[in-house]
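Taken in sequence, the protein lines are chains A and B.
The numbering of the first sequence is the UniProt record's numbering, which starts it at 1 and goes up by one.
The numbering of the second sequence is the UniProt record's numbering, which starts it at 1 and goes up by one.
None of these hints come from the bench; they were simulated from the model.
If you're wondering where the values come from, they're calculated on a predicted model, not measured in any experiment.
One thing to keep in mind: the hints can contain errors.
[Claimed, not checked] Here's a subset of chain A near chain B, in silico, CB distances under 7 Å, partners left out:
id: 1; residue: P15
id: 2; residue: S159
id: 3; residue: I259
id: 4; residue: G274
We treat Cβ as the ideally placed atom computed from N, Cα and C, and that holds for glycine.
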Amino acid sequence: MNDGRYGMYGGQYIPETLMNELLNLEEQYNFYKNDPEFNEELNTLFKEYAGRPSLLYFAKRMSEDLGGAKIYLKREDLNHTGSHKINNVLGQILLAKKMGKTRVIAETGAGQHGVATATGAAFLDMECEIFMGEEDMERQSLNVYRMELLGAKVRPVSSGTKTLKDAVNETMREWTTRVHDTHYVLGSVMGPHPFPMIVRDFQSVISKEIKEQILEYESKLPNAVIACVGGGSNAIGSFYNFLDDDVKLIGCEAGGKGIETEFHAASITKGELGIFHGMKSYFCQGSYGQIAPVYSISAGLDYPGIGPEHAYLNDIKRAEYVPVTDDEAVDGFEYLAKKEGIICAIESAHAIAQVKKIAGKMKKDDIIVVCLSGRGDKDAESIKNYKDARDMEEL
Amino acid sequence: MSKITKAFQGGKAFIGFLTGGDPSKEKTIEYILAMAEAGADVIEIGIPFSDPIAEGPVIQNANLRALSNEFNTDDVFEVVEEVRKNTNVPLAFLTYINPVFYYGYEKFFKRCNELDINGIIIPDLPYEEKEEILDVATKYDVDIISLIAPTSKKRIKTIAKDATGFIYLVSSMGVTGVRTEIKTDLKDIVNDIREVTNIPVSVGFGINTPEQAKEIAKIADGVIVGSAIVKIIEEHGYDAKDHIIDYVSKMKNATMLNNA
Chain A
1 MNDGRYGMYG GQYIPETLMN ELLNLEEQYN FYKNDPEFNE ELNTLFKEYA
51 GRPSLLYFAK RMSEDLGGAK IYLKREDLNH TGSHKINNVL GQILLAKKMG
101 KTRVIAETGA GQHGVATATG AAFLDMECEI FMGEEDMERQ SLNVYRMELL
151 GAKVRPVSSG TKTLKDAVNE TMREWTTRVH DTHYVLGSVM GPHPFPMIVR
201 DFQSVISKEI KEQILEYESK LPNAVIACVG GGSNAIGSFY NFLDDDVKLI
251 GCEAGGKGIE TEFHAASITK GELGIFHGMK SYFCQGSYGQ IAPVYSISAG
301 LDYPGIGPEH AYLNDIKRAE YVPVTDDEAV DGFEYLAKKE GIICAIESAH
351 AIAQVKKIAG KMKKDDIIVV CLSGRGDKDA ESIKNYKDAR DMEEL
Chain B
1 MSKITKAFQG GKAFIGFLTG GDPSKEKTIE YILAMAEAGA DVIEIGIPFS
51 DPIAEGPVIQ NANLRALSNE FNTDDVFEVV EEVRKNTNVP LAFLTYINPV
101 FYYGYEKFFK RCNELDINGI IIPDLPYEEK EEILDVATKY DVDIISLIAP
151 TSKKRIKTIA KDATGFIYLV SSMGVTGVRT EIKTDLKDIV NDIREVTNIP
201 VSVGFGINTP EQAKEIAKIA DGVIVGSAIV KIIEEHGYDA KDHIIDYVSK
251 MKNATMLNNA
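Using the sequences and the hints, build the whole thing.
The structure is reproduced here in structure tokens:
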């Protein structure tokens, strides 16, 4: 779908100042996506710089322990910069460069997208500014340092809830002041058209590889593909090449302290239809359509909306979206570390938690592929604090 | 001719903005009437939104103050109901699409019609998405005020051709807020607009001094001032009325200096 709509979702609800730039971006993207030279350059970057293809790893001990389906992990955590974010960033910065831009700006929540953007900007010689909520800067101080090390300027966002949503607001505002030389590297499959399409296309390399790899290893497609969902970029990347196949697709939303509380970021499970950040989709909203403050232990899932294509896949029941709580995610985080020796991002741990719930109920020759979207070094300290606090409560 | 367009018939118009609910519901009523008394030809009332992406810090903070007072869309309608007992000045809402969507388009615009709200400005509803509210706004006689930006270029004529009420010409790149200098070549944009429509053109974003108002009024039909008024309210809170009257009178006079 490329008219910017996914069913009723999507669109371009954005200030007039940005409209010509979005139209320009769409036109340029449509040209370059079919340009053999652009694709060759991007594929070379994927291979030689980002380390693609990422491994599809059979999690033997985890599979045996859960006693059901065979579990494969798509190791996006092994990419350069430690997450799937680099796929989109390399695509967009290369595109921006072709478009003659000299500066990139981006929002970041957990800092993964910020680090990836700063990396791509350093490597491809672009000026770079990253907007990050003050609260997230505190939660992810190491990533702030990483971005600065890479030559990016990190701009603290103190408006609103001081998290990802506010970082997006500020980056959009910044973009309206300077479009002639600046590209906004949006980090997820959200925002106004053409971003949900561009980000999906660049991330779809994940499911393209999964498909090739699983057919090679198992000579059949998986029964289910599972990924965590904030804005939804690693999920759509993992789902996209399976949309027409008989494969169950499951997105795991941040259930926070429980969807019966106010402290979650479960846009599909608990959100309502709305129009925000350039798109019609589901959003966590308070009274009178104010965007609600959301909560998750994971800064990367702490976003009140979800990409429009996910809203559509949910509506047509092609994908299923389930909430996973902080506690479940932390258990998943520890479980994977102990069983497989892999410390994954707390975002990805939401998907692991879901695997734990369903794998045992599936047949031995069933296959689950779970996208391990990022690595967990960044989370080790905050998970330790979370655990300490939880232990204190239990006492 | 719509009520808003008529407001430009007496010469160059001054359009003032404030955020509803800042600092309180009662004061919003008082300050709207103060602006009308001081000569504002059209008054824009902001319906607060949690994430106003086209606004600079001054109006962002006004939105947050209003929301922390739990001021909501129904409150803004009550404000208008009171205001309408004392003035016939053309009124327009300025808000973002989500609060309107959430309220329900039919219900929202019907209420606008009942209370004689004459226009609506939605910064995150560009020309391509206007259909979202076009039919219902038209049915209830509410002008959708179109924005044209320094970057609009080829889009200027397309947007202008279908414009109603007045055209909101955004003076500068970026978000709302006081600027010392306006660099955009507005004259060229106004000329482009003039080729396709006679709808009045008002310029907003960054204007705060009488000198700027005077200059802008030489090339446009109206001058829009938001952040400067909101700043007065931020500074003087519950005692801003005299300051508003003083400021709006000065700005209105400067705007009218260009009347032939």
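Checked hints:
1. P15: Since chain B brings a Cβ to about 5 Å from A/P15, closer than 7 Å, the hint holds.
2. S159: 6 Å, holds
3. I259: 21 Å, violated
4. G274: It holds, given that the least Cβ distance between A/G274 and chain B is near 5 Å, below 7 Å.
The structure fails to meet hint 3 from the earlier list, while all remaining hints are met.
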